[in-house]
Amino acid sequence: DAKTTQPTSMDCAEGRAANLPCNHSTISGNEYVYWYRQIHSQGPQYIIHGLKNNETNEMASLIITEDRKSSTLILPHATLRDTAVYYCSTQGGSEKLVFGKGTKLTVNP
Amino acid sequence: DAGVIQSPRHEVTEMGQEVTLRCKPISGHNSLFWYRQTMMRGLELLIYFNNNVPIDDSGMPEDRFSAKMPNASFSTLKIQPSEPRDSAVYFCASSLFAGTSDYNEQFFGPGTRLTVL
Numbered sequence: 004d005a006k007t008t009q010p011t012s013m014d015c016a017e018g019r020a021a022n023l024p025c026n027h028s029t030i031s032g033n034e035y036v037y038w039y040r041q042i043h044s045q046g047p048q049y050i051i052h053g054l055k056n057n058e059t060n061e062m063a064s065l066i067i068t069e070d071r072k073s074s075t076l077i078l079p080h081a082t083l084r085d086t087a088v089y090y091c092s093t094q095g096g097s098e099k100l101v102f103g104k105g106t107k108l109t110v111n112p
Numbered sequence: 010d011a012g013v014i015q016s017p018r019h020e021v022t023e024m025g026q027e028v029t030l031r032c033k034p035i036s037g038h039n040s041l042f043w044y045r046q047t048m049m050r051g052l053e054l055l056i057y058f059n060n061n062v063p064i065d066d067s068g069m070p071e072d073r074f075s076a077k078m079p080n081a082s083f084s085t086l087k088i089q090p091s092e093p094r095d096s097a098v099y100f101c102a103s104s105l106f107a108g109t110s111d112y113n114e115q116f117f118g119p120g121t122r123l124t125v126l
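Line by line, the protein sequences give chains A and B. Under this note's numbering, the final residue of the first sequence carries the number 112; numbering is consecutive throughout. Under this note's numbering, the final residue of the second sequence carries the number 126; numbering is consecutive throughout.
Calculated directly from the structure, the hints in this document are not laboratory data. Note that the structure is predicted; figures quoted are calculated from it, not measured. Careful: at least some of the hints might be erroneous.
Said to hold, decoys possible - Cross-link-like lysine to aspartate or glutamate pairs, in silico, EDC-like; alpha carbons within 16 Å at most:
1. B:Lys87 - B:Glu114
2. B:Lys77 - B:Glu92
3. A:Lys99 - B:Glu53
4. A:Lys55 - A:Glu34
5. A:Lys6 - B:Glu53
6. A:Lys6 - A:Glu34
7. A:Lys6 - A:Glu17
8. A:Lys72 - A:Glu34
9. A:Lys99 - B:Asp66
10. A:Lys99 - B:Glu114
11. A:Lys99 - B:Asp72
12. B:Lys87 - B:Glu23
13. B:Lys87 - B:Asp72
14. B:Lys87 - B:Glu27
15. A:Lys99 - A:Glu34
16. A:Lys107 - A:Glu34
17. B:Lys77 - B:Asp66
18. A:Lys104 - B:Glu53
Between the sequences and the hints, there should be enough to build the whole structure, so can you do that?
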């Protein structure tokens with residue numbers, strides 16, 4: 004599975020869009036990009052995943068660059084409850100998820 | 010629906026004691042994962058099972074750690090003997106793996122916070 008790198012922390016104003024980047028420059032053709040988040044000390048929670056097309060669900064949007072070497076998770080209208088650590092991971096060929104350090108997102112009122 | 014159930018939620022023990030963590034995956038799921046989370050090392054995969062068979066245990070730190078899955082609804086992670094550096098939050102997760110990576114959401118339990126004195 005490709006290694007991912009993310010900024011350590013980010014801040015966002017409540018109601019604004021939060022754009023969280025992830026670099027996965029060594030991703031291979033059959034690997035998907037997965038995003039999870041961990042609120043406080045709870046278990047991580049799945050957000051969204053994609054292969055090469057942009058994806059959207061009720062939680063977020065995922066934008067994957069054409070070369071697939073990076074992606075951005077977008078929370079369109081961040082709320083205080085979105086304060087969490089966000090993990091980007093790649094997965095392909097097996098079920099194994101490798102979590103990096105993640106980005107601590109703080110949504111400010 | 011019941012999610013992944015872990016017990017105990019908190020465990021405090023003394024160095025040298027045996028510790029057993031338990032996990033009940035979501036009914037119908039065929040894959041189970043054990044993770045360890047510390048401030049220093051983040052979230053690490055220790056081992057995972059598919060259809061009760063261990064598939065990858067490369068993350069198990071040493072022989073003091075062992076994991077079993079005797080049936081589809083129960084798994085244990087045992088540490089014997091425990092050491093202070095084993096203090097961490099241990100998460101269990103389960104998923105329904107269909108053989109591809111198209112959709113493989115892992116559902117995490119609430120974790121067991123282990124403190125070894």
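Going through the numbered hints above, which ones does this structure break? Give me the numbers in ascending order.
1, 2, 7, 11, 16
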